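Chains as they are written, first to last, in our numbering: chain W, 1 to 241; chain V, 1 to 241.
Calculated directly from the structure, the hints in this document are not laboratory data. Just to be clear, a hint being listed does not mean it is correct.
[What the hints assert, rightly or not] As a list, the in silico BS3-like pairs of lysine-lysine whose alpha-carbon atoms are at most 30 Å apart:
id : chain 1 : residue 1 : chain 2 : residue 2
1  : W       : Lys221    : V       : Lys108
2  : W       : Lys41     : W       : Lys188
3  : W       : Lys220    : V       : Lys108
4  : W       : Lys220    : W       : Lys41
5  : V       : Lys220    : W       : Lys188
6  : W       : Lys108    : W       : Lys41
7  : W       : Lys221    : V       : Lys220
8  : W       : Lys188    : V       : Lys188
9  : W       : Lys220    : V       : Lys221
10 : W       : Lys220    : V       : Lys220
11 : W       : Lys108    : W       : Lys188
12 : V       : Lys221    : W       : Lys188
[As the list claims (entries may be wrong)] Facing chain V, a subset of chain W residues (Cβ under 10 Å, in silico):
id : residue
13 : Thr49
14 : Glu61
15 : Ile64
16 : Cys65
17 : His133
18 : Pro135
19 : Val233
The model shown is predicted, which means the values in this text are computed figures rather than measured ones. All residues carry an ideal CB built from backbone N, CA and C; glycine is no exception.
Number of protein chains: 2
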Amino acid sequence: MNRLSHVRIVLVGTTHPGNIGAAARAMKNMGLRDLVLVTPKVFPSEEATARASGADDILAEARICPDLQEAIRDCALVIGASARLRTISWPQLDPRECARQVTAGNAKTAILFGREHSGLTNEELERCHYLLHIPCDPEFSSLNIAAAVQVVAYELFLVAQQQPHDDANRPLLATAGEMESFYGHLEKTLYDLRFLHERKLGPSVMRRLRRIFNRSVLEKKEIHLLRGILTAVQLRIRPQA
Amino acid sequence: MNRLSHVRIVLVGTTHPGNIGAAARAMKNMGLRDLVLVTPKVFPSEEATARASGADDILAEARICPDLQEAIRDCALVIGASARLRTISWPQLDPRECARQVTAGNAKTAILFGREHSGLTNEELERCHYLLHIPCDPEFSSLNIAAAVQVVAYELFLVAQQQPHDDANRPLLATAGEMESFYGHLEKTLYDLRFLHERKLGPSVMRRLRRIFNRSVLEKKEIHLLRGILTAVQLRIRPQA
């Protein structure tokens, strides 16, 4: 029984196939199997297979996606690795906290690792409930992507090994798709209200609202409650228009 | 002041120069600088420099030794990484214990990593005070050597770094009083909307909403945004009543 079977590693826009292979090896060392590649530059590749060094089964089972949304659609928890300690107040986890958070439940979880030189885009990071930062020397802070996967997988393995099973009665978390539908509904309602029109602040307001609700890690039932409120607002506004 | 300046990484009989470069990068990420190579198969090498990716200063300063004895002559503590959980009763450390042990003092310390396929020989392991084993899936237990260096260096960095966080630039969180005013405003708005009346669910709905926002740990500015939305709802509803 694999305690980490709900954890997916998503490599976004990886340039060097060797890194994909090395990441697969790091995953398999630590009991992770679910690898998704978003628009890898070169894959499959002999170099990836060589660097996987026996983890070629992970590569063979890896799914390739044309965009991030497709890769995380079924995920309730999305965590994005970020080399920079951004000034924006997105909730941050270090690998140990990340491991605790991820193994606290068994909701499908994606951990995203970005491009070798530029990481994840801000737009991609906004899809994340948490940013994951690996502590390191601030003067030389860019870890190799497979090395980053190794550290995160190692912490996951440690925590997964320690914890007894007791996941039966945990509430179901909303999936990334359900979160997107909620944000769409929220944005529409704010336009109906003329709240966004008047301020011409749509993107920035929506970003701030996403941050609030992402931090909260919503359950499915909570999404239903919040959308019920939005619907009530829309019903009271429309007849007036 | 580098808390890890007494720590040396010793790579013994490394076959692939790319691994030497990747290990140098992992070291520099975590504030380690002292690299010693015992009979590397190929070094220096373009591949090592490429994989070092900016840690070429570590490579340039690396010392090459003809045997292990030469590499550890000035070391008071010698720790050897070993993939296998050997049956011999050598004292073992995991990376976290290793980091504590190494940073407990500042005696010159060598941490040895063996050959890609065969690790350290028994004779080499016998020079060690401790064996270091990285916990991993016993069915696929051979970590890449640079990945192993990364995990060990990461644990060293964490322990070396342990100091209070700098809270200076954190956003101001909402006070308990501000949260109560927000919940009062939210409840009033839901009554104005007839959302609560109709369902006779006031206390239970408010409890669930409190849980959502409490989990999120709101900032003062976020409270202002949310209350701005509530006010916009109230303004659009009232004329209708």
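These are the hints, each one checked on the structure:
no., hint, result
1, W:Lys221 - V:Lys108, "violated, 57 Å"
2, W:Lys41 - W:Lys188, "violated, 36 Å"
3, W:Lys220 - V:Lys108, "violated, 55 Å"
4, W:Lys220 - W:Lys41, "violated, 36 Å"
5, V:Lys220 - W:Lys188, "holds, 25 Å"
6, W:Lys108 - W:Lys41, "holds, 26 Å"
7, W:Lys221 - V:Lys220, "holds, 27 Å"
8, W:Lys188 - V:Lys188, "holds, 22 Å"
9, W:Lys220 - V:Lys221, "holds, 27 Å"
10, W:Lys220 - V:Lys220, "holds, 27 Å"
11, W:Lys108 - W:Lys188, "holds, 28 Å"
12, V:Lys221 - W:Lys188, "holds, 22 Å"
13, Thr49, "violated, 14 Å"
14, Glu61, "violated, 14 Å"
15, Ile64, "violated, 23 Å"
16, Cys65, "violated, 25 Å"
17, His133, "violated, 12 Å"
18, Pro135, "holds, 6 Å"
19, Val233, "holds, 6 Å"
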